[in-house]
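Peer 1: Sequence:
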Amino acid sequence: MFFKEFEIRWSDLDANRHLANSAYINFMSHTRMAYLGQLGFNQKSMAQHNIGPVVFYEHMYYFKEVFAGKPVKVSLGFNGMSEDGMFFEFEHNFYDSKGRNFARCQMMGAWIDLKERKLIGLPQQFLDAFDSMEKADDFKVLTKTDTRKFVQIPMDLA
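In this note's numbering, the protein residues as written are 2 to 159.
Some clues are possibly wrong.
Below, computed lysine to aspartate or glutamate pairings styled on EDC-like, alpha-carbon distance capped at 20 Å [to be verified]: (1) Lys5 x Glu59; (2) Lys150 x Glu84; (3) Lys145 x Asp97; (4) Lys150 x Asp132; (5) Lys5 x Asp114; (6) Lys119 x Asp139; (7) Lys71 x Asp15; (8) Lys145 x Asp85; (9) Lys74 x Asp85; (10) Lys65 x Glu84; (11) Lys99 x Asp157; (12) Lys5 x Glu92; (13) Lys74 x Asp114; (14) Lys141 x Asp97; (15) Lys136 x Glu84; (16) Lys45 x Asp114; (17) Lys150 x Glu92; (18) Lys141 x Glu59; (19) Lys136 x Asp147.
These are calculated hints, taken from the structure and not from any lab test.
Every value quoted in this text rests on a predicted model; they were computed, and no experiment measured them.
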């Protein structure tokens with residue numbers, strides 16, 4: 002399992018002086034991109050293929066408050082991917098300096114063609130990189146149906 006360690010900065014705190022919601026999101030995205038960078042997914046390689054990641058949802062579960070003063074670790078678990086690599090699912094767990102799990106996030110995303118602005122499967126070199134990732138015990142091959150399990154429909158004001 003991949004871990005990234007973070008120091009909680011003053012700017013990561015909210016009005017209650019504990020880790021702010023936005024900091025959780027930032028720590029998770031930094032963890033994902035750090036790991037993907039090790040696999041060859043970086044700004045240069047994504048630009049060469051004209052792709053970028055998009056997030057469909059991030060479901061957060063908070064178990065305990067965490068405060069500044071000691072480092073925290075964020076894990077990355079690979080929970081699912083579609084056969085063409087278009088859709089992916091990760092799980093992040095947050096641990097305090099004693100290894101206690103204080104939060105979890107389940108997230109799903111996809112890859113987008115940055116010119117066409119539509120979802121796209123991954124080139125073979127990226128599929129091969131994902132193949133090398135350690136998979137969660139409950140890893141699942143995703144389909145488009147999995148992206149609709151939390152059906153939400155936009156409701157415009159006008």
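Peer 1: Now, for every hint given, state plainly whether the structure supports it.
Peer 2: Evaluated hints:
About 18 Å separates the Cα atoms of Lys5 and Glu59, which keeps this hinted pair within 20 Å; it holds. This hinted pair checks out: Lys150 and Glu84 have alpha carbons roughly 18 Å apart, not beyond 20 Å. The straight-line distance between the Cα atoms of Lys145 and Asp97 is roughly 35 Å, outside the 20 Å bound, and the hint therefore fails. With a C-alpha separation of about 25 Å, the suggested pair Lys150 and Asp132 falls outside the 20 Å cut-off, and the hint is violated.
A C-alpha spacing of about 28 Å is found between Lys5 and Asp114, which places the hinted pair above 20 Å, so the restraint is violated. The suggested pairing of Lys119 with Asp139 is violated, with an alpha-carbon distance near 29 Å, which exceeds 20 Å. Proposed proximity of Lys71 and Asp15 is supported: the alpha carbons are some 16 Å apart, at most 20 Å. Simply put, Lys145 and Asp85 have alpha-carbon atoms about 11 Å apart, close enough for the 20 Å limit, and the pair holds.
Simply put, Lys74 and Asp85 have alpha-carbon atoms about 31 Å apart, too far for the 20 Å limit, and the pair is violated. Straight-line distance between C-alpha atoms of Lys65 and Glu84 comes to about 36 Å, which puts the hinted pair past the 20 Å bound. Pair hint Lys99 plus Asp157 does not hold up; C-alpha atoms about 46 Å apart against a cutoff of 20 Å. About 14 Å separates the Cα atoms of Lys5 and Glu92, which keeps this hinted pair within 20 Å; it holds.
Using a Cα cut-off of 20 Å, the hinted pair Lys74 and Asp114 is violated, with the two alpha carbons roughly 32 Å apart. Distance hint between Lys141 and Asp97 is unfulfilled; the C-alpha atoms sit about 29 Å from each other, more than 20 Å. Pair hint Lys136 plus Glu84 holds up; C-alpha atoms about 14 Å apart against a cutoff of 20 Å. Taking the CA atoms of Lys45 and Asp114, the gap is near 15 Å; set against the 20 Å cutoff, the hint holds.
With a C-alpha separation of about 16 Å, the suggested pair Lys150 and Glu92 falls inside the 20 Å cut-off, and the hint holds. Distance restraint check for Lys141 and Glu59: the Cα-Cα separation of roughly 18 Å lies within the 20 Å cut-off, and the hinted pair is therefore satisfied. Distance hint between Lys136 and Asp147 is fulfilled; the C-alpha atoms sit about 18 Å from each other, no more than 20 Å.
The structure does not agree with the numbered hints 3, 4, 5, 6, 9, 10, 11, 13 and 14 stated previously, though it agrees with the rest.
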